[in-house]
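*Asks:* Here the protein sequences come in this chain order: A and B.
In short: position in the first sequence from 1, add 65, done, that's this note's numbering.
In short: position in the second sequence from 1, add 55, done, that's this note's numbering.
Calculated from the structure, these hints are not laboratory results.
Ideal placement from N, C-alpha and C gives every residue a C-beta, glycine not left out.
Some clues are possibly wrong.
[Unchecked claim] These stretches of chain A come out as covered by chain B in the derived footprint (C-beta under 8 angstroms, 3 or more residues):
(1) 129 to 140
(2) 161 to 172
(3) 375 to 389
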Amino acid sequence: MAPLDKKADDDKFMDNPFVIPPLECGASLDTDTFKAYPEHNEALGFPGELLDNWKEVAIAKMGELAKRNRAFQVYLDTCVKCGACTDKCQYFLGTADPKNMPVARQDLLRSVYRRYYTFAGKYFPWLVGARDLTKEVLDEWYTYYHQCSQCRRCSVACPYGIDTAEISMAAREILDSVGVGQKYCNEIIAKLKKTGNNLGLNPKALAATLEDLEEDLEDETGVAVKIPLDVKGADILLITPSADFFAEPHIDGLLGYAKVFHSAGVSWTLSSYASEAANFGMFIGSYENMREVSWRIRQAAKDLGVKRIIFGECGHAWRVAYSFLNTLAGPFDFLDQNYPIPQHILEFTLDEIESGRLKIDKSRNDEFVMTYHDSCNVARGSAMGDKEGGQFDVPRAVIKAVCNNFHDMERDTIRENTFCCGGGGGLLTDDLMDLRIKGAKPRMTALKQVSDNHGVNKMAAICAICKTQFAKVMPKYGFEMDTIMSVHQLVANAVILDGQESDEAEEPTAEETP
Amino acid sequence: MISTVYAVLFYVATVLLIVGTGMKVLKYARTPILLKIPVSPAPRTKRGVVLRMLREVLFFESLFKSNKWIWIFAYLFHYGMALVLLRHLRYFTDPVWWWVALIQPFGILAGFAMFAGLGGLMARRIFQPRIRYISNPSDYLMLALLMLIVFSGYSMKFLAHTDIIALKAYMLGLMRFQIGDLPTTLPLLVHLASVATLMIIFPISKLMHAPGLFFAPSRTMVDNARDKRFVSKWARNLPPLPEGIPTSEEG
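Please model the entire structure based on the sequences and the hints provided.
*Replies:* See below:
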């Protein structure tokens, strides 16, 4: 295979993924994301429009959050401004705006906290950089807290573990509480509360979509692989991002899950009521909204009477699932305790591969030279398997089991140091396209390195946001949009279903093509 | 007169340091953690978390991985200071503990390491544009105060010799609430005043990073969310959500 970036324009890239740009104050100040309409804010329990007494409400909310959330309180107090995080954010590396340095981003809020809640800030504001909350400050919060994907790369670098994601979530919660919401996130959460998924897809349309996909699968394989919906009494409830029903390359991942379940011979189902793995409640830092969205999964699992819950490929959803679901919607005493609750589809697939139950023909992926993008929320906010670091090793083990050619990108751009794709944390919206392209720069540079050095021509990911972001942004860097693949797309390519090749007699019309 | 002023200063500083820091720590400890937010890969056991924190405290592991220059300066400064502090125990113990006597010469050297570390951190703050951008006056002053403490300390040894015997008698007296005579050489007065200042601002400044480190959920939490249900104090009071699927919502 030829290297993938024939058309790539070299000056779009960095010399290496860590080149620190000279500071350009205000470089990203004009980056703006649409504000939510009143009905979206209200659907989430927030005021529709900017309150008259927004200042008092915002300051009070800040104090309330500090009382409620130890992370927020401690992180506001303990930063020593050492600067270790300053070169870690992909948005800073991409935009050069100093306010996108993690500590500077935190300080947008910390400076106000100090003014109203600390001795030094109340009496010596000039000394500690404390400032009054003004409309300009509020606008600045909106601008720069929507240039953070809450990916936690900076937290890994911090000697005190300060997590900018926690500050960013709190900032958005404060903004929401005075009536300034972001359209992208709030509209989607409102939609989910109505229909069960981010796309606003009703059960009938979902059923029709799944039937189409079943037909495609049968045409391809000659085997009747089912994608069941709302089947009561099924063993496994699959919760997957709704992008898996529509977007490319997400769909190919969904087909992969279906083939794996089919081969494993388990009974499984999707739910129309909880037809979404994504939980944007996390992005806006709203415990209550995140809990409500999570709760649907519990309701669906109980209603369908399933024994297990498995999550499809989605980054932040897996963080919510792995780290928060038990808290938000547990206890799951009604599920089979012999399996992890919840389980990741990759954990399931790796079990099937290792037990030898899945028939694999690796050569079917021989045209691909793969690399793997660790999604930020999976890498730094969750885990897989039972060993520390399983979230890095399980996906790689699956890829290597179904594919002969694999090369990792530079060490400090993967695993716990992975860059965000540039579209995470509620930034995956067209009005932030410029920021998304810039934020993807370090990752695109790391990809180009392995492409140049090892002939890598595809990158796999296990996150719906990463996949959408890369499909959109890669062409700007000269890569084909299908350079990004689902991990289960590779699995789907390599799996040989029972009856797929040998049982021509049963399905004479469907000669499969590899 | 000066003896009394400094006695009062040290009593006040000590009380503010202990009570202030204690109150802050208590506040941190009482503030609920909302969710399981260890930054992964994180240990799956408590023992693992203890080891993780030990690596952070003893080696500044995360800082080592993220920035070697800051790590070198911070390490020199903190470990230099630790030795210097231990060395100073000789002014508060009679007879001097054997191991405190043993480290005296190292304590002297450590002061230089401490000063070098502070100088490096200060230079970065002044000359590195990213760090200059995030610095407030207090960030420079904090370093300057610590440098003043080291400088005035060394002045007593190398510039204007101070009657250490008398100082020790004064300090031992303070510990028994007896105010003796403090030698009034300028370096000593500067040294003691700046140390007292540091003690006073400790609980209301970024120096709280020292105890705060142990309350950062991103580092101190065990990664076992799937095995053990975690619910914060705060969340226990939330109104329950309905168990069944409301029929009106479907479709």
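*Asks:* Taking the hints in turn, state whether each one holds.
*Replies:* Results for each hint:
Only residues whose C-beta sits within less than 8 angstroms of a C-beta in chain B count toward coverage, and the stretch 129 to 140 of chain A has 9 of them, enough to reach three; the restraint holds. Only residues whose C-beta sits within less than 8 angstroms of a C-beta in chain B count toward coverage, and the stretch 161 to 172 of chain A has 5 of them, enough to reach three; the restraint holds. With a cut-off of 8 angstroms between beta carbons, the stretch 375 to 389 of chain A has 3 residues touching chain B; three or more are needed, and the interface restraint holds.
Hint violations for this structure: none, all hints satisfied.
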